[in-house]
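Peer 1: Start from the sequences, fold in the hints, and give me the full structure.
Chains A and B supply the protein sequences, listed in that same order. Start counting the first sequence at 1; every next residue gets the next number (the working numbering). Start counting the second sequence at 515; every next residue gets the next number (the working numbering).
These are computed hints drawn from the structure, not numbers from a lab. The reader is advised that the hints may include incorrect statements.
Within a straight-line C-alpha distance of at most 27 Å, the following computed BS3-like cross-link-like pairs (lysine-lysine) qualify [claimed, not checked]: (1) Lys-908/B <-> Lys-394/A; (2) Lys-611/B <-> Lys-568/B; (3) Lys-908/B <-> Lys-36/A.
Which stretches of chain B does chain A cover? Using the computed rule of at least three CB atoms under 8 Å from a CB of chain A, they are [stated by the list, open to error]: (4) 547-560; (5) 879-892.
Glycine is no exception: its CB is placed at the ideal position from the N, C-alpha and C atoms.
There are 2 protein chains.
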Amino acid sequence: MDVPERHLVVCVWMALCCLWAGVSMPDPTYREELMKMEASMQTGGEVVLNEKEKILNSRLLQMKQKEVMRADFPPAMHFFKARDLIKNSALFRLLQKLPKGAALHLHDFSITDVEWLVKNATYRPHLYMCTTNTHIIQFIFSSQMPEPVPRCSPWVLLEKLRAMTANVTELDHSIMKNLTIFTELDPNVLYPTQSVIWKRFEQSFVAVLGLVTYAPVFRDYYYQGLSEFYADNVMYLELRGMLPEIYELDGSTHDMAWTIKTYQEVTRQFTADHPDFFGARIIFTMHRSVNSTVMAQAVKKAMKFKKDFPDFMAGFDLVGHEDVGRPLWYFRNELSLPSDEGLSLPFFFHAGETNLEGSEVDQNLLDALLFNTSRIGHGFALLRHPVAKELSRKRGVAVEICPISNQVLKLVDDLRNHPGAVLMAEGHPLVISSDDPAMFGASGLSYDFYEAFVGFGGLRSNLGTLKALAMNSIKYSSLPAQQRDKALAMWQKRWDKFISENTLISGFYPEFIF
Amino acid sequence: MDVPERHLVVCVWMALCCLWAGVSMPDPTYREELMKMEASMQTGGEVVLNEKEKILNSRLLQMKQKEVMRADFPPAMHFFKARDLIKNSALFRLLQKLPKGAALHLHDFSITDVEWLVKNATYRPHLYMCTTNTHIIQFIFSSQMPEPVPRCSPWVLLEKLRAMTANVTELDHSIMKNLTIFTELDPNVLYPTQSVIWKRFEQSFVAVLGLVTYAPVFRDYYYQGLSEFYADNVMYLELRGMLPEIYELDGSTHDMAWTIKTYQEVTRQFTADHPDFFGARIIFTMHRSVNSTVMAQAVKKAMKFKKDFPDFMAGFDLVGHEDVGRPLWYFRNELSLPSDEGLSLPFFFHAGETNLEGSEVDQNLLDALLFNTSRIGHGFALLRHPVAKELSRKRGVAVEICPISNQVLKLVDDLRNHPGAVLMAEGHPLVISSDDPAMFGASGLSYDFYEAFVGFGGLRSNLGTLKALAMNSIKYSSLPAQQRDKALAMWQKRWDKFISENTLISGFYPEFIF
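Peer 2: The structure is reproduced here in structure tokens:
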């Protein structure tokens, strides 16, 4: 019996005894005990805080109280409207400094601020741009005029276009708007349905792709992404990557192995430059819209990569809008290839990123578990699948919860109604991640930590919750045991430093002045 | 171990065995079994349909499929906008005919269509109206000019006002708008926050109160309410009532006992007129904003009423906006009076109609259960309270789920994210009710049944679910065992008739033509 379950049995037993005893008024001591036990079942409810942590905890709870009291309660608002409110809160500034451990659910081409893409990548020479007939821009770096692309305007050299444009700021702003789905307009008007926003979301990835698959940008984009997560006090990433062809200025391209190797090299470089950063691993992904043949090739590639890069390649996953894609069960033969051949290929399946209950796609959660997935990506529908939920709990298969992503992609409005709130209350194995922060106008992990801490946990979650979330992110990573211990020790050191630095006399720290 | 729990253990055991056996591909038979078992855990999942029911079930599922396929999916929309879409669906017409059993969570002055109030009640003679300085109208029937009311315009005789008004339809429409919170404007603009809508909601009750507390209207309003529920194929009601003073034309008033007696008489009359209607019972309620002295008096009154009207008075409850009202624990001494005196006063507490997690009010769920509540009103926050949830399950304390009410009062937008979806998936003891249908522009139970059936159940719930919901409403009623058996037998008769009538050759029934 796991800890929350044991608690539940004790609590219910106590409560039933209390009632059967026929006490006229519920005994306040029993009541207190039940409340404490319920509180201890939540994520981090078992964490015992030391004296310094207790000091910080009381400040943290004051900060949260302040957030909960505001009329414009950020977790109840669309993130695009809430972002600046969150950013300007003292609580957010503290969460940024908090060592959050690992980000385990991220897509590789949405980890870096789009402003960097515009200000840095698009200012490099030899960049051509065209506009499709659906008003989406596309990019290519090329030493000569590139071949025309169907349904796109003639290519123009961006350098030239900028030289001819009176208002370059406006041009850059309009480029930026193509690289993210963040908007200052009303998101519910601009993106009225899930299919509209998914279409726009995938279009933005296409725009980004032309920039980030250019070899020099590819390296720098990734390094910059690591820097942004590092600055947000995240120390380890597991990146889902489709590993597209990376190209050079002369049009030549590299194979996937090159891409993995480059990721590995840049990671090593970054870790050498920042010794308190732990590293990164890659989860190779394939789009769920492909046919069985393409999927079989992808699984075989993944198996080969896992063999060739055992320490860097974490495993395999399927990506794309679940509702319209093929369900996992459709690919049951292809996904069985590794075990058929007696090879180990860990799976990290997206599953249950849907609110279509009872459809074929809605079986992905159970199937992911039957295929022995190491974690569940999103698991938004998990509460509606009690068998899958219990399996995930019993086997310690953590759910990667991405609150902002699920809200922006229109699964839920008020984040207090996100299933993560329930999973956290029950102490279900889970981690918090940010999915595609750059696409959503977020960055790092802190915005999602804010939403989970304030929106899911209500007034009940505390510093113990945050500590448990950070520790979970290492515990449920794909790292082998020894590596995990090393990462945990590194995290503990950073945590202790964070606690010490933030429990000095409060007057020194402007964020503690209310 | 209850049924869903036993299922869960078997399922997880099967799945773990299947995984431990090291099968390379999940065995399709096991998978099928797990899916079936999960489906059988849901509300009604255990119901075995007979041949005729199976025929109707397949038609029902076709109708649901049609609803799920529409671009404007009603459960994802605000009810005010979805109402007409629902009303015009074949599924809704079938749900109206379905014998739904009992409505267990209703407030007495919001059971009758406001159009009846306007067209019938306000056309009676001697009705005066005034408008408050916050533009809310108030009514009083009086044989002479009533005393002026503070912060209200001078009284005008409505009969006179109508005679002087060019556009009576418009006047009637504007009166109607005061008696309900339903609006054709954008509800999220008109009611941006919970406190705004709760204020408006309570103001509408004040406007209604002047009409329905006039003795002749009081009787007719109740009779009309029963008729509307009867027409919607509901056969028994449990009405929460604050039992305000009922007045006569000369200004004289009746005591609460008179009100209960009148409710009882009208119920008897209605049952005599409609022998296949089972009846009604009253739950006496007090506003949660009162002080301890008033609450103590109310509890004592409730005890007396329970003694004087043992067959008609079901018990006691507290009403009003939970977030701003006093928590149950505040009234612990008053709520202990019955058991202190060795008397039985069943409680039917509203609890967890909130999304303020971790606040004092958020303890109402646990406290309701510790005070041995017979049912839980709303229980919206139940999922976030695993101990309270398990207690409610173990002790068979049903949750009264009112989907439209929770959506309109801004606890959740998309009803697929309503906790009822999870409770139904888990087979938690629950009933569906409509709370204040007239206030929300709904009527009877069918709109809420639609939302629960289509919004909560996804494609998985079926005729068995509806049958179980109807049977639950009798099982979890306050009726003594013998009465319950009688009601169940009456319901079964109506159910069999419904199945027979709706499995004739489909061509006869326009709603079966797709």
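Peer 1: Let me make sure I understand: some of the numbered hints might not hold for this structure. Which ones are they, in numerical order?
Peer 2: none
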